[in-house]
Amino acid sequence: MRAWLAFFFIYLIGAIYFSYFWLPELPEQLRLSEAHVIASPVTDPEALPLLDKKTVTLPDWDTPGQLNATSLWYLVSFSTNNVANQKHAVYLPRLSQNAEIYLNKQWLGNGGSMRQPVTRNRNHNLIFNFDSSLLQQVNTLAIHLVGEVPQKNYLGDVYIGPEQLLKNHASLNKHLHIDLVMVITLCLLFSSIFISILWLLRQSDTYYLWYAIFSLLWVFHDYNHFLRNLPIPTVLWETLSPIAFGYSMLSVILFIHRYEGRFSVKAERSLLTYVGTLTLPFLWQDLDWIMFYAYFIWSPAIALMGIYALYFLYDHYARTKQDRLVPIFMGGFAIIVFGSHDLLLALEVLPKQSPYMIHFAALLVVVVIATTLITRFVQSMNVVEHYNRQLQAEVHRNTSDMEYSYRQVQKLMRKYTVAEERQRIMRDIHDGIGGQLVAILANLDSGKVAQTQLKADIKYALQDLRMVIDSLDEESDDLPTLLGMLRMRLSDQFANAKLKLHWRVEELPRIDNFGPAKVLNTMRIIQEAITNAIKHSDADNLTISTELISKQDGTQYACIIVNDDGCGTLPTKVTGRGLLNMQKRADLIGGELFIDATINAGVSVRLEIPVSQHL
Amino acid sequence: MSEEEKTSISVMLVEDDDLIRARLSGVVEDNDQLSLLASCATVSSAKSVLNQSVPDVLLVDLDLPDGNGLELIQLVNQSGHDTAIMVISVFGDENHILKAIAAGASGYLLKDDESIQIETAIIDLAAGGAPISPSIARHLMKHFRPEEQLLEKLTKREQQVLQKVAKGYTSQEIAEMEGLSYHTVATHVKNIYRKLSVNSRAEAVFEALKMNLI
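Here the protein sequences line up with chains A and B, keeping their order.
My numbering puts the first residue of the first sequence at -5, with every later residue one more than the last.
My numbering puts the first residue of the second sequence at 472, with every later residue one more than the last.
A portion of the hints provided could be inaccurate.
What the hints assert, rightly or not - List time: in silico DSSO-like cross-link candidates among lysine-lysine, alpha-carbon distance up to 27 Å:
| # | chain 1 | residue 1 | chain 2 | residue 2 |
| --- | --- | --- | --- | --- |
| 1 | B | 661 | B | 582 |
| 2 | A | 146 | A | 168 |
| 3 | B | 582 | A | 453 |
| 4 | A | 449 | B | 582 |
Stated by the list, open to error - If you want the footprint, here are the derived chain A segments under chain B, 3+ residues with CB under 8 Å:
| # | stretch |
| --- | --- |
| 5 | 165 to 178 |
| 6 | 492 to 503 |
Just so you know, the hints here were simulated from the structure itself, not pulled from any lab data.
No residue lacks a Cβ here, since even glycine has one placed at the ideal position from N, Cα and C.
Could you build all of it, start to finish, from the sequences and the hints given here?
Have a look at this one:
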């Protein structure tokens, strides 16, 4: 805040020094101080009516206004002695619009068009070279001054002397009043283009847009300062230039509103109505009216708007203490200070020869806005980087968390699977070989058992154990292989049976999620069916076959069919516990079991297992 | 008698369980076509016998007190003799059997098989037979998948045989279905075993190369 204040103060002093005191003084003896002035529309000094002469001192600020003249002739007499043989020049550092010079009736030149539209040299100086041979002992310099608005016309200092000296001053003068303003205007134009691009890329940040409009309008207004030949009629130019300035001020307020973020929509609407209404009088396209209205009503009204902007910024700063508002405030303040200066100049409160200073405000505004926007950009980048880092850390942390959780879940699942599998094996051993061994022991204890029976029982127990081991094989969930293994394990029974085995097993698709438990249950169902056929059917033929069927709902079923051509009665044991067990096992594997017994036509056991299964 | 001696199949038995060894020795000795060359309980004693003479059939248990039966299988297989090797197993689970086949065995016996089954199996094996189970066939099909980069691949006929075995068909049934002799089917199986053994050795070499052992 203080730094900004100090900067602003130094800038103000610097601007005043530059505008008023920087240009060096020229030697007093080169200045022409007295002239006769004649208001006349003639274009040739020979045709001048010499009657109505008025004597004035130079510079002459007021006579054109007093005479209400748009064309005046200043006649200056001066004597020269011992003039060195060198180039000389007539130098007019300041004049209202345009002038033409005659020395000893010899035409030296003019500053552009002397007729409508007259070239505007308001901030341009004029310098005319001539050879010293043109000088006599007593000389007459005729200066024809033209300007479209009498009240604004004036002739500043007139110097005559060595060309080199005057040319140096003229070029410094041009740097200060033209080049500097042009550079500032270019800066504004570039900032406008740059910020426009920014806005195009980030259209949600509308303050970029309003800054771009503000600076572009100001660029247009600045042309008034150095444009010599108007591309459009003077009235229209004199209308558009103040309007551009007014609307650029409106844009800057819209910019400030959006930059701050909190503003009253109602206040903004009132401002738009205010400026819109004030624009209407410009519709009366009369140059005198336009000049009067632009300077005496429009400009003060716009200045009031500037004061509102400053109040808005001050009020919000006071409430929020946001440091970012301070430079903007300084920029606005500069516009008010330098703008007021120029307004006072335009209203002729300040002497006419004073320089215009509003472009110093423009320069400050460009610097302030550029600094602000760059700071904002850098801050955004920093914030983005910060969040990026935070996000990366978060992602990293979450990834590790997830990895850890996943490992835990896997560990638990493994534990669960192992526990489940252990339980299943326990159950299998308990139901199968455990029970069988206990029965064998009991038989042995009873002492009544025949050795062949004992051997058969033990063989059966071993067979059962092998089936459990087979079910653990990773390839055992392939149904044909499962059946093949079962066939191999039961090979003794088949060999001893009187029936003939017909093997009709074909490839079947793998069953989803068909683990060891389901494999074993399938084996047991088929084993039971085969054993029943061998023991009870009295059949000649036993056929074991497979097929793949599709049911109406589109589900595929792998089917295993055990079919005999025996008596067709089911042993009572089967209809009881055995059958129940088979059904229970079929349920456990998610399949369906159909047992079809027809007297004298045999028994058909059909197990259907859906190929697509869910866990 | 001496002629019979010559044509009889010499059998060597390596089994650490005394009872089983005694039973198996008995079965071999009781059969006229078979003669017991040696009966050992350890890998080292078996090795010293094998250094002097090589049997027609080697019956070997895998879990031995001083080493693994696979060692003996590899030794015999690499000696270049035409010895048929059988693994003696309690369960005949493919985990054990496949390893033994890869090492060079071409069959297995279950320890509780009936005497007659044991005799038949030994004679069949010596005559060029090669028993195979559906589960082993399924595992072999997986091993010889077309997309695997293998030194030895299966012929179409061998693939057909494996597919049939995997579905539970016996060698006789396959021979009938394919219009082959039983002997030819056995030769196919034996060839498949040989190819597995070659591939396994190649894999072992490859693994060793990878581990800079060679």
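The hints, checked one at a time:
no. : hint             : verdict
1   : B:661 with B:582 : holds, 22 Å
2   : A:146 with A:168 : holds, 21 Å
3   : B:582 with A:453 : holds, 11 Å
4   : A:449 with B:582 : holds, 14 Å
5   : 165 to 178       : violated (count 0)
6   : 492 to 503       : holds (count 4)
Hint check: a violation occurs at hint 5 only; the rest are consistent with the structure.
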